[in-house]
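Which chain is which? The protein sequence lines are A and B, in order.
Following the working numbering, the numbering of the first sequence begins with 1 at its first residue and continues without gaps.
Following the working numbering, the numbering of the second sequence begins with 1 at its first residue and continues without gaps.
Be aware that a few hints might be false.
[Unchecked claim] No farther apart than 16 Å at their CA atoms in a straight line, the calculated lysine to aspartate or glutamate pairs in the EDC-like style are these:
hint: 1; chain 1: B; residue 1: Lys65; chain 2: A; residue 2: Asp121
hint: 2; chain 1: A; residue 1: Lys124; chain 2: B; residue 2: Glu87
hint: 3; chain 1: B; residue 1: Lys124; chain 2: A; residue 2: Asp69
hint: 4; chain 1: A; residue 1: Lys200; chain 2: A; residue 2: Glu231
hint: 5; chain 1: B; residue 1: Lys200; chain 2: B; residue 2: Glu227
hint: 6; chain 1: B; residue 1: Lys54; chain 2: B; residue 2: Glu87
None of these hints come from the bench; they were simulated from the model.
There are 2 protein chains.
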Amino acid sequence: MKIAQVAPLWERVPPPSYGGIELVVSHLTDELVRRGHEVTLFASGDSQTLADLKAVYPLALRLDKYVQDYAGYETLELSQVYQHAAEFDIIHSHVGIRALPLASLVLTPTIHTLHSSFTQDNQKVFRYHHQQPYVSISKAQRQIKLNYVATVYNGIEPNDYPFVAQPQEPPYLAFLGRFSPEKGPQQAIAIAKQTGWRLKMAGKVDVADSQFFEQEIVPHIDGQQIEYLGEINHAAKAELLGNAAITLFPINWQEPFGLVMIESMATGTPVIAMSLGSVSEVIVHGETGFICQNYAEMATMIPAALTLNRQACRQHIENNFSVNQMVNDYEAVYKKIINNRIHFNGYFDTAKARF
Amino acid sequence: MKIAQVAPLWERVPPPSYGGIELVVSHLTDELVRRGHEVTLFASGDSQTLADLKAVYPLALRLDKYVQDYAGYETLELSQVYQHAAEFDIIHSHVGIRALPLASLVLTPTIHTLHSSFTQDNQKVFRYHHQQPYVSISKAQRQIKLNYVATVYNGIEPNDYPFVAQPQEPPYLAFLGRFSPEKGPQQAIAIAKQTGWRLKMAGKVDVADSQFFEQEIVPHIDGQQIEYLGEINHAAKAELLGNAAITLFPINWQEPFGLVMIESMATGTPVIAMSLGSVSEVIVHGETGFICQNYAEMATMIPAALTLNRQACRQHIENNFSVNQMVNDYEAVYKKIINNRIHFNGYFDTAKARF
């Protein structure tokens, strides 16, 4: 198949450190190429890919302080994609609402993976384009009614996450993720302090969250019980998770997927998480972690989580959340969409009115 | 003709106070309806128009503090416009780059009026879509090479600006515009202080300019020599300009049009302006105002400007910058584009590759 992958431009593909969407796009794109597809990746110019790279800007936009208007570059990227739509059998958009008005104006079908939660504002656009074909990344993500054609869970490459049979001594809890209130780093700290466990934390701090970070996190970092490792690269991430006794996922929002859970389990480390969003689809309760109703319960489950079989955690990811599995699922979606083009993308209905 | 007018959503059409684009769209739309065209106006739901109003949101977005993602609503607006493209003979976009990727994907031609200056970011998108048909609002605005099909100056309704034969006593200078450094309110103050003239100022202060306003403007406002009237409505604006002896236009950027110049001259008040952007196309030097090379020269020209014929200022606007003239020009553009559709909008070139 001739496939266009359309990635956001803020971060390169794959991301040097944090960037869930770009990591998924990278794995998907490269594996599709390995399977013999002709793939064009629309992404920032510093992206590294086996596919044919088309870039409207040489750098990930977050790295260029002279870029004022992010959306302008996205407009340019989407211009290129849809001007060349006829060259592809399918367009796979990872950029959300901006591709929607364009998608129904060309003959080539577009499949939209929903990587984020719905907002008050963006759901109006999705609802308007409800006939477009969507892939959700969890069942829990389907908060509004759209033409969902599949749920495809994000996949990682298990080999990129070395299995660690025995966690490091002295043992510690891990937190990895953006330092924003909804990811719950402040709750991870509270659980560590309450139970006397060590906690190692890593992840980026967005500008919007800098006040939260300074006020709620920094005062607790002592370099002993509570450590902050900064924004770390892949190797450091795998090490942080693999050597941990348990990873905490103390979210307080409807997380649409939560990549860090599968990254942790891949290294053998079970996850204790709040029962929100995708969590119950990703963790096998009592086997690869524990799904809790509140933060007190999360703290309580630590002893039980230490007894879980780390090999079972690894196996769960290999079986259900590998790149291989994800690409199998997307290939099936592409075939289905192309075969059902008329029904699914609504193009011919629109066209009838025009010609 | 069946015409779609696509307005920005930040402000309603017409704007209650400041909002150059929305004012022009309002005049254009209503006059086209009066001339018998079927016009659909895509704009905020609180807009007032003779046309058929299509709104994706009930309020001007600037009035709703719950709206987080302005661009999402613009995406929704453009979705509606282009899903219904076949119902129009021509689409007239006033929203800049966001309409560009859509415009070349449908059969109905779109004409894009450039209401702003080019930026480092947005000019990349315009250049990519250089074959689309553009209208510039001054010759000076044409800073990059595009398929310009006409210059159409903004027009106002002279009757909305009562002619004032004799300025108020004691006399004052007027400044009207956004309080941002490039509009030069700080220079207007300097000129007033240097010459001992009274200065009355009005206009809005954007959030981005609040520091500038507090530091550079507020300390000079004494309610006597230097007055600030706030963000004022149309009637107050016409009064402020009409009763003034002279209006200052002390810009220090390439202003693409500068509506306040024609509003002032319509009331009979000559304008002393910096020689930048559109100024030399709008003011007749030595007849309806003076065009200066620096701020010192602006101060020097005040006595001469007092001797100019206020009736000549009025006449200049009636002859060259009326709504009537503007709509004549746009009607001519629409006819030209529709007749030359294949050549100008490039659709069939694109289409060839697809079908």
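Going down the list of hints, with the structure as the test:
As the CA atoms of Lys65/B and Asp121/A are separated by approximately 12 Å, the hinted pair is consistent with the 16 Å bound. For the hint linking Lys124/A to Glu87/B, the alpha-carbon distance of about 23 Å lies beyond 16 Å, and the restraint is violated. This hinted pair checks out: Lys124/B and Asp69/A have alpha carbons roughly 11 Å apart, not beyond 16 Å. Proposed proximity of Lys200/A and Glu231/A is supported: the alpha carbons are some 12 Å apart, at most 16 Å.
At most 16 Å may separate the alpha-carbon atoms for a hinted pair to count; Lys200/B and Glu227/B meet this at roughly 5 Å. Between Lys54/B and Glu87/B the CA atoms are separated by roughly 14 Å; this keeps the pair inside 16 Å, and the hint holds.
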